[in-house]
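Chemist: Chain residues, written in single-letter form:
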Amino acid sequence: MALIMQNIDIRENGIAHLDNINLTFRRGGLYTILGRTLAGKTTLLRTIAGLQQPQKGTLTLHDSDFLQLPVWKRRVAMVYQQFINYPHLSVLANVAFPLRRAGVPRAGAHQRAREVLGKVGLADFEKRRPAALSGGQQQRVALARALVKRAEILLLDEPLVNLDYKLREQLREEFQNIFEGQDDAIVVYTTTEPAEAIQLGHEMIIMDEGAVIQQGEPLAVFNAPATIRCAEIINDPPMNIFYGAIENGDIQLQGGIRLKVPAHMAHLPHGPYHFGLRAADLRLGRMIGSQVELSEISGSQTILHLRGDIGAFILYEDGVYQHAIGDTVQIDLNSDRIYSFSVDGDLIAGPAAAEAYRR
Amino acid sequence: MKSTYLLLKYLAILLWSSFVALPFLWALTTSFKTANGVTGGATYLPWLQYEPSLEGWKVLVRTGGQGIDIVAPYISSVVVTLSASLISLMLGTLAAYGLSRFTFRLGFLKNSDITFFFISQRIMPPIVLAIPFFLMLQFFGLLDTIAGLILVYVALLLPIATWVMVDFFNNVPREVDEMAMIDGCNPIGAFVRVVLPNSLPGIAVGGLFCIIFGWNDFFFAFTLTFTKTQLLPVAVVALNSSVTPWWSLSASALVSVAPLVIIAFIVERFLSSGNMAGAIR
Amino acid sequence: MLKFKYKHFFLLPGLIVLVAIIIFPLLFTIRVSFSSWDVVKPGLDWLGGKNYGRLFVDMRFWEALTRLSMMAVGSVLIQYVLGFGLALLVWRDVILKRFVRVLYLVPMMTTPVIMSVIWRTILHESLGPANDIVQLFGFEPLTWLSTGGMAMVSVITVEVWQWTPFMFLLLLAGLLSLPNEPYMAAAIDGAGPFRTFFSVTFPLMAPISIGAILIRLIEASKLMETVYVLTSGGPGTATETSSYYIYIRGLRDYQIGYAASLSLTYLVIMIISLTIIAKVLTYKFARG
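Line order of the protein sequences matches chains A, B and C. Start counting the first sequence at 3; every next residue gets the next number (my numbering). Start counting the second sequence at 1024; every next residue gets the next number (my numbering). Start counting the third sequence at 25; every next residue gets the next number (my numbering).
What the hints contain is simulated information worked out from the structure, not anything from laboratory work. Treat the hints with care, as some may be off.
As the list claims (entries may be wrong) - Some, not all, of what chain B presents toward chain C, calculated at C-beta under 7 Å: (1) K1032; (2) S1040; (3) S1041; (4) V1043; (5) P1046; (6) A1065; (7) A1118; (8) Y1120; (9) A1178; (10) L1181; (11) I1235; (12) F1249; (13) V1259; (14) N1263; (15) A1276; (16) L1283.
Keep in mind it's a predicted model, so treat the numbers as computed, not measured. The beta carbon of each residue, even a glycine, is placed where N, CA and C say it ideally should be.
So here's chain A without its partners, still in its complex pose (with noise of 0.2 Å):
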């Protein structure tokens, strides 16, 4: 009982926007890709519903070609990033209308579509039309709307992207409770945002120029991301690489920089590696020298943009600090969450504990 894509595949003008797709998606599963924009995610969800077909490649849905199907007829439901409804219509005839289309009469469409308001919170608001509302409120008409199908495949396209903060973690949570309840279907979520494809999903797949470079269990992925450009993805701020060597029982930066290797890294050969850290994993010491090359505030969080001997990197503190541009700052290394990378970049050691994801 399975979607299941193959060698899917969709360029134009010599760039891949579907790169040799191979996925499977299983019936009761919570799916987040996760990647950049331009990553493939649209595109993908797009084949899925049918609004785009791929140049080869086979979609099979309980191993009957999914492909041959027009949009109309394939049983998805969708909703997009931006807010899309029928804007002559009211909310209760919005949230009615696959229903109507499908020949459920009236009265059990408008039930139907009432209770499934009332389950995103709206339920006071069906006589509205669209375009008199906000836009969080606009989403979950667009939401129930998918919703009241039942359909085998749920799809969400950064549904949050268009939100306010404090609106995207309040509908991140509502999402929670509301995924919980498809048992029967498929749903299948993009963002990218990393925090938002941990939280919510039972498997996360990485996407990333068309491609999948990574899929699993979100915290299994997140603590041992397979590259450099894995690594990259999924942390926010993307995670520091560093370029240097295990010599003579040390770790070498660039810039004359020794660490001792810590534990986890101990049975590596000597030679050249990237190493890995977190912006989170780097804080305001003594070790190493650098200057401040830009300072952001994020909330009651410090981000900032440094330049050593060692490289450029990010580092990332609680609280709020001011740093004037020029700066010169000292930082301590936490050398047992370093991670290591071969040359080519996939990963070859990780921190050993399954440390749970800090914020």
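Since the structure of chain A is provided, determine the placement of chains B and C on it from the hints.
Modeler: Just chains B and C now, with coordinates in the frame of chain A:
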């Protein structure tokens, strides 16, 4: 300095407004004149310079050889204009939606070429088409008939309707169409249930343009009709070449342009209430 | 495969109607232009290129073309200048805008032929108000419709009356959609009104100006109805345009074959000239 500029500005506007109003005012005044008001030279003010009379207007409703039958051409114009506009709008809206949403390929021609083909029909000088239309209608026995005129007018108005609607549809996000299809509508269903109800401003503009161009055509009505069917512009111009006195001529002219002038006022009302602001660009 | 069916449903009805009603007549005209169809000998024979040879030396045709070009270009330019001027005057003035918009919409909506009928009475040299107004300003009465040069002026006047509002509305819409920033920058740089106009307004309005001029040129090149009512091509042939001459040959003299060749040549010349004008204008004024 500032006030001289303002003075000049309002003067210029006044001059232009007078120029615009001139033919209407003149026709209005003249329609109430009799021979005395005309033969001695131009007169302007009723009662002061000439004796006003309703003769010019009465003649319009008098029928049977005595008067000018303006009613029959009026009806013909209404029937032909509305029918042709309706048909052109329907065909044009469909074609425009197709051109906006789907990709077509006829040989090496693509969507923009096909759209250009539709729109470029307006470049065609009427005279180029008048001759073959004449022969064609003659062949089918449709010369001098309402049906023949409607056929020809559809050919003329279809490009206009298509041009307006293609532009309009291109500015309507296609995500709503897609959503309708995801919700179970085939493309025709999506068009009828979701796109059309939201296209009323565009259709209104398209319809308006069709009506204006249809009502105001002279050339095709002139070359393709003779006695049985007469459209308004032809009727009025026919009066021009005979010995019709100026007062009935002016009255007929005013009565013929009145409908569209009224529509102009209605449109302006609509424009300033911002309703059609998005559709007219 | 299903998509195949649906998209055709939308486009084909309109396309077929258009092709049937316009392309076939056009093809037919091409065929007729190679025949000698006229009132004496109706029917399609084959004349080869004789009609085209005849029109090549038909001075009346070429003079008509020249006259048309002069009148069309002249009247469109005047419409453009007046329309732009009016739009500039009204642009920033909120009260005026509402008042004039109605007034200026109306001429465009009237039937051109019928207004020409009224104009004919206005321009009547002894009985019409035109000469009264002229004499009010201290000039001698003009021979509006009885001399060649003035007749052209009369035709242009009527066209200007009818279509300047079109330019006005289009250019006003364009002005209203201009961004504010360049004007703020110009003000900071201390530019006066003339300088601002030539360096900021005019260049920014280039695309719209070109579009408006082209649209009006296309319509003006068909000039016939006004001439028919106002002057009947006269006096003599002083205001005879291409369309009018072809009308005479084709539907009055009933020399259908010859008229067909005339109209096709006219069409081709129009298409070529308009394309050249469009390219030149775009190249010169709308670069970058």
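Chemist: Please go over all the hints and tell whether each is borne out by the structure.
Modeler: Hint by hint, here is what the structure shows:
1. Annotation: K1032 of chain B was flagged as interfacial toward chain C, and the flag holds, the nearest CB pair being 5 Å apart, inside 7 Å.
2. Of the supplied interface hints, the one on S1040 of chain B holds, with its beta-carbon coming within about 6 Å of a beta-carbon of chain C, less than 7 Å.
3. Against a cut-off of 7 Å between C-beta atoms, the interface hint on S1041 of chain B is violated, since the closest Cβ of chain C lies about 10 Å away.
4. A distance limit of 7 Å between C-beta atoms decides the matter here; for V1043 of chain B the minimum to chain C is near 6 Å, and the interface restraint holds.
5. Nearest Cβ of chain C to the Cβ of P1046 of chain B: about 5 Å, under the 7 Å cut. The hint holds.
6. Hint on A1065 of chain B holds. Least Cβ distance to chain C is approximately 5 Å, under the 7 Å limit.
7. Taking 7 Å as the C-beta cut-off, the interface hint given for A1118 of chain B holds, the closest approach to chain C being about 3 Å.
8. Interface hint at Y1120 of chain B: satisfied, since its Cβ lies 5 Å from the closest Cβ of chain C, which is below the 7 Å cut-off.
9. Here the hint on A1178 of chain B is kept, as its CB sits about 4 Å from the closest CB of chain C, short of 7 Å.
10. Contact between L1181 of chain B and chain C, as hinted, is supported at the beta carbon level, the nearest pair being about 6 Å apart and thus within 7 Å.
11. With 7 Å as the threshold, the beta carbon of I1235 of chain B comes within range of chain C, its nearest partner Cβ sitting at about 6 Å, so the hint holds.
12. Contact between F1249 of chain B and chain C, as hinted, is not supported at the beta carbon level, the nearest pair being about 12 Å apart and thus beyond 7 Å.
13. At about 5 Å, the closest approach between the beta carbon of V1259 of chain B and any beta carbon in chain C falls short of 7 Å, and the interface hint on this residue holds.
14. Taking 7 Å as the C-beta cut-off, the interface hint given for N1263 of chain B holds, the closest approach to chain C being about 5 Å.
15. The beta carbon of A1276 of chain B is positioned within 7 Å of a beta carbon in chain C (closest approach about 5 Å), and the interface hint is therefore held.
16. Proximity of L1283 of chain B to chain C holds as hinted, the smallest CB-CB distance being about 4 Å (cut-off 7 Å).
When the structure is compared with the earlier hints, violations turn up for hints 3 and 12 and for no others.
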